[in-house]
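Undergrad: Construct all of the structure, not just a fragment, from the sequences and the given hints.
Take a look at the letters that make up each chain.
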Amino acid sequence: MPDNIDQNTSVQLSPEMDERFRVVSSLTSLASFPSNITVFGQNHDERILLFIRKDKAVLIFNLVVQGISFLVPFLVQYLLYFLNNKFLLPLNNSINLDAFFTSKYWTAIILLWVAYVLRGFYNIFFKWYYDLNIMTTNRFLDLDLIDLFHNRLEETSISKIEDVKDTQTGIIQSLFGMGDLEIFTASGQTVFSLQDVPRSNKIRDFIMDIVIEERKKRPDAD
Amino acid sequence: MPIDWVQNIQDLILKGTVPDFLWKGLISICFMYIIIYGFLQVRQLKVLQQRVSTSSDNLYNFVAYIYLLVQILIFVVTLLML
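So the protein lines, in turn, are chains L and Z. Under my numbering, think of the first position of the first sequence as 7, with each following residue one higher. Under my numbering, think of the first position of the second sequence as 4, with each following residue one higher.
Errors might be hidden in some of the hints.
[Said to hold, decoys possible] With a cut-off of at most 30 Å between alpha-carbon atoms, the simulated DSS-like pairs for lysine-lysine come out as follows:
no.	chain 1	residue 1	chain 2	residue 2
1	L	K133	L	K166
2	Z	K49	L	K133
3	Z	K49	L	K62
[What the hints assert, rightly or not] Which residues of chain L face chain Z? A few of them, derived with a C-beta cut under 8 Å, are:
no.	residue
4	N42
5	Y84
6	F88
7	T108
8	K110
9	T113
10	L117
11	A121
12	Y122
13	L124
14	I130
15	L138
16	L151
17	F190
[Said to hold, decoys possible] Cβ-to-Cβ under 8 Å is the rule here; a few derived chain Z residues that face chain L:
no.	residue
18	L25
19	W26
20	F34
21	I37
22	G41
23	T57
24	S58
25	S59
26	N61
27	N64
28	V79
Because the hints were derived from the structure by calculation, they are not lab data. For every residue, glycine included, the Cβ atom is placed at its ideal position computed from N, Cα and C.
TA: Written out as structure tokens, the structure reads:
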């Protein structure tokens with residue numbers, strides 16, 4: 007059997023797909039045939055074919071924005087000084103802001119803000135980490151961490167997948183090679199919408215290869 | 004013309020009109036919210052790990068506990084300072 011044929015699925019992969027996606031670290035955005043991941047309800051003969059997260063550029067962008075928000079207390083401080091000097095000083099009613107901004111209360115507020123921003127970093131990271139899509143030999147799963155008490159796991163059988171649509175819009179997606187994927191089922195409804203995934207055209211190609219192979223195995227399904 | 008409310012706020016914040024315990028109380032409530040939220044986040048992490056498990060789960064559990072510890076330390080330092 008040639009090297010680029012997966013023995014479990016009998017799917018012939020393009021050399022590009024076969025090699026480039028076979029990189030698995032816990033922080034990867036895209037991996038084929040990861041060996042270190044298991045999903046709930048996975049059967050002993052079920053193998054994970056594809057593992058997809060949002061592109062790392064999305065994570066980095068959100069972390070940078072969160073990092074900038076560290077500066078908010080200092081911005082407030084600057085703004086108050088500005089307003090005080092601009093409007094209150096001419097009226098001889100200026101507040102002695104120095105006393106407050108050098109007090110322990112202001113330091114406490116800054117520490118509180120640091121804790122709040124850290125919480126934001128944690129949220130951003132784990133929202134990215136657990137917003138993932140997994141394709142196994144039997145099914146396609148979509149796990150979303152929407153909020154603290156709101157997560158959602160959806161799945162559909164591979165045999166129900168009809169079509170995959172790949173859209174790349176905007177400068178950012180073009181620049182980072184990201185795209186949006188929509189996966190349609192037999193009923194014609196979009197069941198899965200994957201946003202900002204890396205190399206979306208290759209993922210679409212990969213999924214369609216699997217789907218076509220599945221159809222060949224079950225000719226009566228059509 | 005003097006602006007009374009400016010003077011009032013100045014007195015309230017800078018001249019100790021706001022009692023120390025009130026500052027401590029307000030800041031503690033905010034910290035408690037962040038820390039309880041952190042505990043729930045760690046709990047949520049375990050739920051998610053039951054759904055999709057990777058070989059790095061232990062590492063991220065460790066990171067989550069370090070995160071909680073840092074939050075609690077910031078809280079303690081703030082209270083000691085106040």
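Undergrad: Now tell me, hint by hint, if it's right for this structure.
TA: Comparing the hints with the structure gives:
| no. | hint | verdict |
| --- | --- | --- |
| 1 | L:K133 to L:K166 | holds (28 Å) |
| 2 | Z:K49 to L:K133 | holds (14 Å) |
| 3 | Z:K49 to L:K62 | holds (23 Å) |
| 4 | N42 | holds (4 Å) |
| 5 | Y84 | violated (18 Å) |
| 6 | F88 | violated (16 Å) |
| 7 | T108 | violated (11 Å) |
| 8 | K110 | holds (5 Å) |
| 9 | T113 | holds (6 Å) |
| 10 | L117 | holds (5 Å) |
| 11 | A121 | holds (5 Å) |
| 12 | Y122 | holds (6 Å) |
| 13 | L124 | holds (7 Å) |
| 14 | I130 | violated (12 Å) |
| 15 | L138 | holds (7 Å) |
| 16 | L151 | holds (7 Å) |
| 17 | F190 | violated (24 Å) |
| 18 | L25 | violated (11 Å) |
| 19 | W26 | holds (6 Å) |
| 20 | F34 | holds (7 Å) |
| 21 | I37 | holds (5 Å) |
| 22 | G41 | holds (7 Å) |
| 23 | T57 | holds (5 Å) |
| 24 | S58 | holds (4 Å) |
| 25 | S59 | holds (3 Å) |
| 26 | N61 | violated (11 Å) |
| 27 | N64 | violated (12 Å) |
| 28 | V79 | violated (10 Å) |
In summary, the structure is inconsistent with hints 5, 6, 7, 14, 17, 18, 26, 27 and 28 from the numbered list given earlier, while agreeing with the others.
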